[in-house]
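Q: Chain by chain, the residues:
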Amino acid sequence: EDQVTQSPEALRLQEGESSSLNCSYTVSGLRGLFWYRQDPGKGPEFLFTLYSAGEEKEKERLKATLTKKESFLHITAPKPEDSATYLCAVHLGGGADGLTFGKGTHLIIQP
Amino acid sequence: NAGVTQTPKFRVLKTGQSMTLLCAQDMNHEYMYWYRQDPGMGLRLIHYSVGEGTTAKGEVPDGYNVSRLKKQNFLLGLESAAPSQTSVYFCASSSRGANTGELFFGEGSRLTVL
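Protein sequence lines, in the order shown, are assigned to chains Y and L.
Going by our numbering, the first sequence opens with residue 1259, and the numbers climb by one from there.
Going by our numbering, the second sequence opens with residue 330, and the numbers climb by one from there.
Bound-form chain Y, shown alone:
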């Protein structure tokens, strides 16, 4: 059973059209929820860490929020350079180090 589920799998927006990406998780005792950006042919790049329900983090046109069951990545007035795959991850837990990732949302921003 997936611990991290992201939706939608793909999203196509017009430049300037705001939207949100969803990440739901089923782990108990959350030890952090993390967002990454991955460009084609590159490794993931860290964006945000969220630890507590109600917490919010912002960076340029991106804002990440966390509830007890899910996280949202809000994209405001996106530009074509925001096109990428956005990955959500949670800590493995159980005494192991490392992150478990969702399958990602492939975002395309059309000019």
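Everything labelled a hint here was simulated from the structure, so no lab data went into it.
The beta-carbon is built from N, C-alpha and C at its ideal position, and this holds for glycine as well.
A few of these clues could be false.
Stated by the list, open to error - Listed below are several chain Y residues computed to face chain L (Cβ distance under 10 Å; list not exhaustive): (1) Gly1287; (2) Leu1291; (3) Trp1293; (4) Gly1356; (5) Gly1360.
Given chain Y's structure and the hints, the job is docking chain L onto it.
A: Leaving out everything else, chain L in the frame of chain Y:
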């Protein structure tokens, strides 16, 4: 500052051959990780290390071995490659571990096993 460097970037193997992927980081990080990324599967943790001389199994360790003889290097070995190991492999490092979520990834090594 190179960050995390993976070599080779591309490799084609025949079933049963062996090979080693090298990951080098110049950030003096304690923690290092090997992930594989497959279409429709997301990133999955193979092995990780919490410091020089240590290694531990991740989610999908079978068919792989690792070594961390030097702090800056983390090697991933395939003793007898199988087509199921065709994937893109990513190495990552972190100064304080996955609790912070801030992992620095390399650009990946694309492996094809025929």
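Q: Decide, hint by hint, whether the structure agrees.
A: The hints, checked one at a time:
At a threshold of 10 Å, the smallest CB-CB gap from glycine 1287/Y to chain L is about 13 Å, leaving the interface hint violated. A distance limit of 10 Å between C-beta atoms decides the matter here; for leucine 1291/Y the minimum to chain L is near 8 Å, and the interface restraint holds. Residue-level restraint check for tryptophan 1293/Y holds (minimum Cβ-Cβ distance to chain L is 9 Å; threshold 10 Å). Checking glycine 1356/Y against chain L by beta carbon gives a least distance of about 4 Å; that is within 10 Å, so the hint holds.
Against a cut-off of 10 Å between C-beta atoms, the interface hint on glycine 1360/Y holds, since the closest Cβ of chain L lies about 6 Å away.
In summary, the structure is inconsistent with hint 1 from the numbered list given earlier, while agreeing with all the others.
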